Structures are given as C-alpha cells and as structure tokens.
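Colleague: Model the full structure from these sequences, guided by the hints.
Residue numbers (our numbering), protein chains in the order written: chain A, 1 to 159; chain B, 1 to 284.
None of these hints come from the bench; they were simulated from the model.
Quick caveat, the model's predicted, so the values are computed rather than measured.
Lysine-lysine pairs mimicking DSSO-like chemistry, simulated, CA-CA at most 30 angstroms apart: (1) A/K14 / A/K159; (2) A/K4 / B/K2; (3) A/K14 / B/K2; (4) A/K4 / A/K14.
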Amino acid sequence: MSDKQDLVLEVNGKNYAVRVEPRRTLVDALNDECGLTGTNAGCEHGVCGACTVLVDGEPVRACLMFAVQARGRRIRTIEGLARGDTLHPLQRAFMAHHALQCGYCTPGFLMLAAGVLERDPNVSDEELLQVVSSNLCRCTGYGNIVAAIRAAAAEMRAK
Amino acid sequence: MKPARFTYHAPVTEDDAVAVLSQVAAHDGRVLAGGQSLVPAMALRVALPAHLVDINGVADFGVLAVEGSEWAVGACVRHAAFHRPVPDGPLGRLLSAVVRHIASYPVRTRGTFCGSLAHADPASEWCLVAATLDATLIANSVRGRRAIAARDYFRGWMATALAPDELLAQARLPLLPADTRCGFYEFSRRAGDFALVMALAVYRIVDGVIADPRVGVGAVEDYPRRMRAAEAALAGRAPAPDAFRAAAEAAAQALDPADTRPETAAYKRDLARTAVRRALEAAR
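Modeller: Below, the structure written as structure tokens:
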C-alpha cells in the first residue's frame, strides 16, 4: 500500500504537481520531484544551511520541513533568484567579491541573505553577522561572503 | 539521513488536533510544530514516530496577545515572532534579548516557543524563561484543558508533566511591572550552538534596594530552575558588585551539575557563577 500524497508545490511562481511520501523532505522533493537541483542537501539535519530556501519570503531549512507541509506556500529557490538573464544583486556581489570557492554552500547563503535583505535592506551590521553565522562555509571563509552581502545590501538600499 | 516512514495527520482545529493525538499517542504518535528538534532527530533515526500530528494548520495556535495580566503564546508561535520586542515593556525587551541566542535565524523562522517547552532540552532558552518567570503551561487533550505551573512542569532531563496524549496549547507568561530590570547571559562554544550555561536575572529596585528578585539557571542541571539561595542573597540589598557576587556564589553552590566530559561538574559550576553575576550586572 502506498501512502504517497498528491500535492502541488508552488516554486518560483510555477506549480509542480508531485506525489510524495509524507517523510519526503522539501529539499528532496525540490531536487527529485521538481527537478530543481540547485538547492543542495548538506548535513540533512538542520545544521549547515546549504538547503536554505524561502518559504513565504522567510529563509527556512528545507531539510527540516516536509514537502507536504509546503502545500499552499510560496517557495523560492536559487533557480528563482535571477530575473531572466539579469542576476540578483547578491549573485553579482558574490562573483565580484570572490564569495564562493567550491560553491556547495552558495545557494543556501544566497537564499538566506536574499530573504533577510529583501525584507530589510537596512539590516544592521551586527544583525547581518548573526544571520551569516546561520550557515556553514568550509572553504571560502566568511570574510568575503560578508563583504559581498554588505555590497549587495548597499546596492539594494540605493534602489 | 532520511526520516523513517510515518503516517501524517494535519488537523485544522484544536479539537481535531487533540482528538487525533488521543488516537495515535499510544501508537508512538508525536506532535509536529516547528520541527527544528524533532525532524533532525528523525533524520538521525533517534526518533522514529509512527504518527505525526502536524499542528501548523491550526489557526488558533497562532495566538500572541495580552490576556489579563499575562502574555499568551500559542502553540505555533515561532521564535522569530520575538525578534522585535513584544509585548511593550520589560517582558518584550527580555524576550527579544533572549531570542537571538536561539539557534540561527532560519531555525527561528520555523521553531516554536511552545515546541521548545514541550521538547524541554536542558539548554532551551525558553525553558529557562518559563521557569524563572513562573509561567503557566496550558495542556490540552480529549480529557480537557489543564494549567500546569512551571515548577511542576519540568520533571527531568527532557521530561515534562505532559501526558503522551496532551498537547501544549499555550504558554502564559506574567507581564512584568514597568520598572522591572532583566539581564540574560549565555555561554556557548560558537554562535547558535547549545548553551553550556545560561542565567536569567529579573528584579526591581525599590528605595535603592533590590526587590522581587528572580534568578534562574539553565543548561547545567537536567532542567532549568530558580535559584532561591541566590534570590535570598539579593533581596533588600543595594544592586552592587558585592551583592551580585554573593548571589552568584549562592547559585553556584546550590547547583548540582552532571559530571560529563569534556565539561566537569566543577567547570560547569564555575561557568554558572560567572553567568549569574553577568546576568545580574546586565540587569542593572
């Protein structure tokens, strides 16, 4: 007997009809059912933040939410950050400031920062450092990531 | 690192939630709120619930309001609700100072205040707040609602007075008088990590001396509790370093830390002494 459930996930403004077991995490459903492989599963228990996506505009760990819980919610992933060929200010700033090396943690950092800056581009430096401490990077180092996010915040404030 | 199979229930009213829980509680059914502790435990297969009762769809559990002399926090109010000080006054300022110590931002957008109380990790900041302020916890089940005083609620290491079929529907915190001073101090190895020790100090100053002192310590014993000896060392004394040192020493002596590696009992007692003093100084 299958206990799979049919549901529709709204990701980056597009609806995906999927059929998943309740135990299927959101990150796995995005990767395997929606074919959106940009969100990376890292530790799979909420520590590293690689899988961070936006749900109704708020950053969440996609490994700690079941796909069935995302029914009726607006999900935004790394694939939805650029507008067509125009990269998001955070994406450009990460390139300009060498804020990525292996890149595995990058989608998570970008979605984390996008969620925070789009809500409040005037976020204080102290708060920004607290936010960045949410996710793990093990090769680039945090200095360049913080510099990139600061630069993107300045650009987003100017708009 | 994938959770094991479970049957998923998604009630939309509080009555439905307790009805479903009453049916599945005896069959290893668990409540799923923010999932920031339970789901990692499931991923690690430390927790293997056969049923999950997801209460995120219960609208009534979003309540966050002043009710009489209390601040009511519904079962699904997220940690992030306290990023900005609510309610007005010392309690809101205290909660917003404490919340930034809880895990990390994306965990706070999902994890819940009541979920932390139900999970009852010894290092939970909200458990320390509830114990120190003598919160009232409202449990609900098909047998009806009941109020549990915080001093009767914590029963041991990650153990509470909640029966398996009871759901923590609400936490009620007493509003604090406008002249209340609050200080919180936490020591952990890295940003967002579990506390090794934390202390909460709450008092007023009346006619130049400390009145209504409350001192709580968490993460040292199986569950947080008020330190009566420390409070006695403060009442009626001027808010000055010698009184704070005496209270910190009294708290350190009253604590019975577990001797676990790499932190010895003596080390944790030492940390607690410093944490209590710093919390008292922060409240000044």
